[in-house]
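Protein chains in written order, with the working numbering: chain A, 1 to 109; chain B, 110 to 342.
Hints are supplied without guarantee of correctness; some may be wrong.
Unchecked claim - Below are the DSS-like pairs computed for lysine-lysine, each with C-alpha atoms no more than 27 Å apart in a straight line:
| hint | chain 1 | residue 1 | chain 2 | residue 2 |
| --- | --- | --- | --- | --- |
| 1 | B | Lys184 | B | Lys150 |
| 2 | B | Lys298 | B | Lys334 |
| 3 | B | Lys188 | B | Lys126 |
| 4 | B | Lys188 | B | Lys111 |
| 5 | A | Lys80 | B | Lys111 |
| 6 | A | Lys80 | B | Lys184 |
| 7 | B | Lys188 | B | Lys125 |
| 8 | B | Lys252 | A | Lys80 |
| 9 | B | Lys115 | B | Lys193 |
| 10 | B | Lys234 | B | Lys115 |
| 11 | B | Lys150 | A | Lys80 |
| 12 | B | Lys206 | B | Lys184 |
It is worth saying that the hints were derived from the structure and are not from the lab.
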Amino acid sequence: MLAWILHRITGLGMIVFVSLHVISSFFTQEMGSDWAIAINTVYESIYFQFFIVFCVLYHGINGIRIIILDLWPRMLQYQKEMTWLQWLVFVPIYGLTIFIMIQKLITGG
Amino acid sequence: MKVTLKIFRYNPETDKKPHYDRFVVEAEATDRILDLLESIKNYQDGTLSYRRSCAHGICGSDAMRINGVNRLACKALVKDVGNKVTVEPILGLPVEKDLIVDMEPFFDHYRSVMPYFVGGEENPKKEQMQSPEDRERFDDTTKCILCAACTTSCPSFWASGEYIGPSAMVNAHRFIFDSRDQAAAERLKILNDQYGVYRCHTIFNCTDACPREIQITKAIGELKKAIVTARLD
Ligand code: SF4
Ligand code: FES
Numbered sequence: 001m002l003a004w005i006l007h008r009i010t011g012l013g014m015i016v017f018v019s020l021h022v023i024s025s026f027f028t029q030e031m032g033s034d035w036a037i038a039i040n041t042v043y044e045s046i047y048f049q050f051f052i053v054f055c056v057l058y059h060g061i062n063g064i065r066i067i068i069l070d071l072w073p074r075m076l077q078y079q080k081e082m083t084w085l086q087w088l089v090f091v092p093i094y095g096l097t098i099f100i101m102i103q104k105l106i107t108g109g
Numbered sequence: 110m111k112v113t114l115k116i117f118r119y120n121p122e123t124d125k126k127p128h129y130d131r132f133v134v135e136a137e138a139t140d141r142i143l144d145l146l147e148s149i150k151n152y153q154d155g156t157l158s159y160r161r162s163c164a165h166g167i168c169g170s171d172a173m174r175i176n177g178v179n180r181l182a183c184k185a186l187v188k189d190v191g192n193k194v195t196v197e198p199i200l201g202l203p204v205e206k207d208l209i210v211d212m213e214p215f216f217d218h219y220r221s222v223m224p225y226f227v228g229g230e231e232n233p234k235k236e237q238m239q240s241p242e243d244r245e246r247f248d249d250t251t252k253c254i255l256c257a258a259c260t261t262s263c264p265s266f267w268a269s270g271e272y273i274g275p276s277a278m279v280n281a282h283r284f285i286f287d288s289r290d291q292a293a294a295e296r297l298k299i300l301n302d303q304y305g306v307y308r309c310h311t312i313f314n315c316t317d318a319c320p321r322e323i324q325i326t327k328a329i330g331e332l333k334k335a336i337v338t339a340r341l342d
């Protein structure tokens, strides 16, 4: 059930925050409105970026797992193993991304 | 050892809303939760209501939520659930009294998938043969005891009681993949509906809940594939 819940949360996360970002960028550019700048500042903060990267990566990899299960129902019997495999793929990729992001932050790249 | 049970109580004739009662029962680690309920009913509170019949995991009447998980009370042992036990009715069906829910909506879904054998000829002269391999194809889904543990553990079913639910699909699978049966196409048509297979989001709660260890999500996956490819394999 956790994977299913996370899939919904990360999906919503992407929709809400990416569209918010697009809208606020538009208003920042067109009118320089304060609230739009405020939203963009939050969006660009490193913690928020961690969250968005989590959403995109988790949603994508979980989606691939679901597609595999849909195409080969036989694999549904091994869903526990599939879920572990999914984390095994997710953790290094996410970890590396975060590592690079922090490195860039520190070195100012 | 002493086991404390917190049990969901609701009497539609006297209570406005449900509440929980606590009971302490002396029990062995190998006792079943059903034994504890029987002991409470016999010695502490005769009004406690629940369904049970076989007490051996085969009639499917005593599915309930035990410490938040759907199980048969007659198969759940004290040593597996601990000495603090919360017992509640299964979710998603109207509570009639205490642990008894109205199973009719569940059986309506069951009946809707034609859960019976549809043969070819009217009065066949001899028995219809089936190879062991063909029999094996649907063996897993023959084991269902209609306890409703799966359907009432499913968030899609909680969200909408119109969803046909995993149990009905398990029973449809049992006939659809039977090489002798003639009504597979008809059943697949019933399941090819917004309240049919498409409400399954592979959450896997049903597979975890099934006391018969049926690979329910797999069966539903096979039905989805059969609908999409119009082939049974
Ligand atoms: S599939 Fe399993 S959990 Fe669902 S009704 Fe049948 S026996 Fe109970
Ligand atoms: S009493 Fe029959 S299954 Fe538990």
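Hints, one by one, checked against the model:
1. B:Lys184 - B:Lys150: 18 Å, holds
2. B:Lys298 - B:Lys334: Judged against 27 Å, a Cα distance of about 13 Å means the pair holds.
3. B:Lys188 - B:Lys126: 32 Å, violated
4. B:Lys188 - B:Lys111: At roughly 12 Å apart (the allowed maximum being 27 Å), B:Lys111 and B:Lys188 satisfy the hint.
5. A:Lys80 - B:Lys111: 35 Å, violated
6. A:Lys80 - B:Lys184: 23 Å, holds
7. B:Lys188 - B:Lys125: With a Cα-Cα distance of about 35 Å, the restraint between B:Lys188 and B:Lys125 is violated, given a limit of 27 Å.
8. B:Lys252 - A:Lys80: Holds: B:Lys252 and A:Lys80 sit about 22 Å apart, inside 27 Å.
9. B:Lys115 - B:Lys193: 8 Å, holds
10. B:Lys234 - B:Lys115: Roughly 59 Å between the alpha carbons, so the hint for B:Lys234 and B:Lys115 is violated.
11. B:Lys150 - A:Lys80: Measuring from Cα to Cα gives roughly 39 Å; hence the hint is violated.
12. B:Lys206 - B:Lys184: 22 Å, holds
Comparing the model with each earlier hint shows violations of hints 3, 5, 7, 10 and 11; every other hint is respected.
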